[in-house]
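Participant: Okay, here's what each chain looks like letter by letter:
Protein chains: 2
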Amino acid sequence: MKTKFYSHIVQLQRSICDEFEKIDGKAKFFEDKWTRDGGGGGITKIIEDGKVIEKGGVNISKVFGELPQSMQKQLNTKSNKFFACGLSLVIHPINPMVPTVHANWRYFEMYDDDGNITDSWFGGGQDLTPYYIFENDIEHFHKQCKTICDKHNPSFYVKFKENCDNYFFNSHRNEARGVGGLFFDYCKQTPTTSMSDWFSFVEEISSNFINCYGPIINSKKLLAYSKSHKKWQEIRRGRYVEFNLVHDKGTLFGLKTNGRIESILMSLPPKVSWKYNFLPEKNSEESKLLDILKNPVKWV
Amino acid sequence: MKTKFYSHIVQLQRSICDEFEKIDGKAKFFEDKWTRDGGGGGITKIIEDGKVIEKGGVNISKVFGELPQSMQKQLNTKSNKFFACGLSLVIHPINPMVPTVHANWRYFEMYDDDGNITDSWFGGGQDLTPYYIFENDIEHFHKQCKTICDKHNPSFYVKFKENCDNYFFNSHRNEARGVGGLFFDYCKQTPTTSMSDWFSFVEEISSNFINCYGPIINSKKLLAYSKSHKKWQEIRRGRYVEFNLVHDKGTLFGLKTNGRIESILMSLPPKVSWKYNFLPEKNSEESKLLDILKNPVKWV
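Read top to bottom, the protein sequences are chains A and B.
Under numbering that gives the first Met the number 0, the first sequence has 262 at position 263, and the numbering climbs by one with no breaks.
Under numbering that gives the first Met the number 0, the second sequence has 285 at position 286, and the numbering climbs by one with no breaks.
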């Protein structure tokens, strides 16, 4: 399974980067290969200062070896050997009419002293963070998610959508980071779902990612916008930073366990503003976003 | 003591704001008064878009009532009633040749069920975060700190300077946030130091704050700088955000216990950049800063 899933994300990284280069039309991804002292490493692919994408990263990593104590504690396991691989991506477009997107798909294995697998699971998700609301785009994103989910299990979409709303929540602001999508974790073998079933699900949902986001970025990337739209985007990007640095478990775990900092923090937006107590005008497009973030919407 | 210290910070807020308005020459502080549901409140004073100061806040607060459980745990106390007051300030200048400055002075009291004081202490500090190194300025800041410390106890400066280096450390980057200053906490009554002695110390060090920072900002505020200096400042401000949101106990405590978000996050810089793996040129002014942040210096 680990070979199968790693091959999948290697190929997926290539195809997603190709698609984003086509969408951008100017900038190309550059590659940073890195190795991890305890075992494994990754390929970080970064795009910056494009015509459409201000900053983005599509990273894969495969790490293994001794399970760090902090991770043993977090995972509540006695296993001391592990394998993990995954793909993480974040795209921050220039145009404030285009949402930021984040996605991640990952696979874990735990081993006993003899190297037998004691536990294994998939995790992942994909979610959208708009600055201005275009209902059609958000519905499209959620519909794509639901269609794939439904093919695998009719209960997935509702459950994973709710997980996503609960997880990407800036509790200190009492608002969601964005308009959600899917979030799933600890997807393990059950009497009705084999690891192979989970693989098929994650393979299909991740392969379909570009059909979720591509039409949104392509249809909005040339829209006109003003300085005040850009200013709002930069203030909202501040909330993105707040979520990632204060609440996101993956980011904090990486920062506190000597992860590769630059690969982890590629998720942070390129230009960000914090203005004291900025409040949008009543009934403005900006306040419409806030209303939606305060009350998660059923998009499909 | 609580009345005495609160009067001091009320007056100090006024005098520090007056001094910063003189230094800026254009912008004025505006005031936000707020109240806390459980008891108390604060006066947040904010300055933005000045001639010299890009963003700054000088806030006081006085809060009291039932001690939140999370705070009971953090303070390892069984008291369930408390009083706390303090002044917090952060100034982010426009000119990248001028360091950002932070200071905070505070006083706590804990009570038993009958309202008797069971414990009380002072805390605080002041520290400098430069973007470019001017040794004379940093030495001046530390000398001012040391002179006041020495008047009260010859061991204070070394101890509080070391505390500061240890506390304001971005462990995930393996570098200090800035060039330090003083940091002290849980300053309680001892056989040789009364609470009145601690008050005198905190009163004097806080009253002297403007003599620490004023000459630095005044001597550098008109220096010429380029776009690339500004870019470096914005990237370094990203490290400031990382510290405040990932490591700073006060900020995290506030965010997780329903503190007044806008007053807490006034510390975040106005404009910030994250660029992937930005590395300054060897032997540049920028790399000189990094060398110093990686190896804390004895400034006096």
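Hint data in this document are derived by calculation from the structure and do not stem from the laboratory.
Hints may contain errors.
No copy is singled out in the list; a pair is fine if it fits within one copy or between any two copies.
Taking lysine-lysine and the DSBU-like style, the derived pairs with C-alpha atoms no more than 35 Å apart in a straight line are [to be verified]:
no.: 1; residue 1: K50; residue 2: K187
no.: 2; residue 1: K21; residue 2: K80
no.: 3; residue 1: K230; residue 2: K248
no.: 4; residue 1: K3; residue 2: K293
no.: 5; residue 1: K219; residue 2: K77
no.: 6; residue 1: K150; residue 2: K255
no.: 7; residue 1: K77; residue 2: K230
no.: 8; residue 1: K274; residue 2: K150
no.: 9; residue 1: K80; residue 2: K230
no.: 10; residue 1: K281; residue 2: K50
no.: 11; residue 1: K77; residue 2: K220
no.: 12; residue 1: K287; residue 2: K80
no.: 13; residue 1: K226; residue 2: K293
no.: 14; residue 1: K158; residue 2: K80
no.: 15; residue 1: K274; residue 2: K287
no.: 16; residue 1: K255; residue 2: K61
no.: 17; residue 1: K80; residue 2: K220
no.: 18; residue 1: K72; residue 2: K21
no.: 19; residue 1: K77; residue 2: K229
no.: 20; residue 1: K77; residue 2: K297
Participant: With identical chains treated as interchangeable, where does the CA-CA distance between K219 and K77 reach 35 Å or less: within a copy, between copies, both, or neither?
Facilitator: neither (49 Å within a copy, 57 Å between copies)
Participant: Is it within a copy, between copies, both, or neither that the alpha carbon of K274 lies no farther than 35 Å from that of K287?
Facilitator: both (19 Å within a copy, 30 Å between copies)
Participant: Between the shortest in-copy and the shortest cross-copy C-alpha distance, which are at most 35 Å for K150 and K255: within, between, both, or neither?
Facilitator: Answer is neither: 38 Å inside a copy and 40 Å across each miss the 35 Å cutoff.
Participant: At most 35 Å between CA atoms: does that hold for K287 and K80 within a copy, between copies, both, or neither?
Facilitator: For K287 and K80, neither the intra-copy (48 Å) nor the inter-copy (41 Å) Cα distance is at most 35 Å.
Participant: For K3 and K293, with the copy left unspecified, which applies at a CA distance of at most 35 Å: within, between, both, or neither?
Facilitator: For K3 and K293, neither the intra-copy (40 Å) nor the inter-copy (42 Å) Cα distance is at most 35 Å.
Participant: Evaluate K77 and K230 at a C-alpha cut-off of 35 Å and name the case that applies: within, between, both or neither.
Facilitator: neither (49 Å within a copy, 47 Å between copies)
Participant: For K77 and K229, with the copy left unspecified, which applies at a CA distance of at most 35 Å: within, between, both, or neither?
Facilitator: neither (49 Å within a copy, 50 Å between copies)
Participant: How would you classify K158 and K80 at a CA-CA limit of 35 Å: within, between, both, or neither?
Facilitator: within (31 Å within a copy, 42 Å between copies)
Participant: One pair to classify: K77 and K220, alpha carbons no more than 35 Å apart. Within, between, both, or neither?
Facilitator: neither (49 Å within a copy, 57 Å between copies)
Participant: Is it within, between, both or neither when you check K21 against K80 at 35 Å Cα-Cα?
Facilitator: For K21 and K80, the Cα distance exceeds 35 Å both inside one copy (41 Å) and across copies (62 Å).
Participant: Tell me, please, which holds for K255 and K61 at an alpha-carbon limit of 35 Å: within, between, both or neither?
Facilitator: Both, since 19 Å and 33 Å are each at most 35 Å.
Participant: What label fits K281 with K50 when the C-alpha limit is 35 Å: within, between, both, or neither?
Facilitator: Classified as both; 33 Å inside a copy, 31 Å across copies.
In terms of the numbered hints stated before, the structure departs from hints 1, 2, 4, 5, 6, 7, 8, 9, 11, 12, 17, 18, 19 and 20, listed from lowest to highest.
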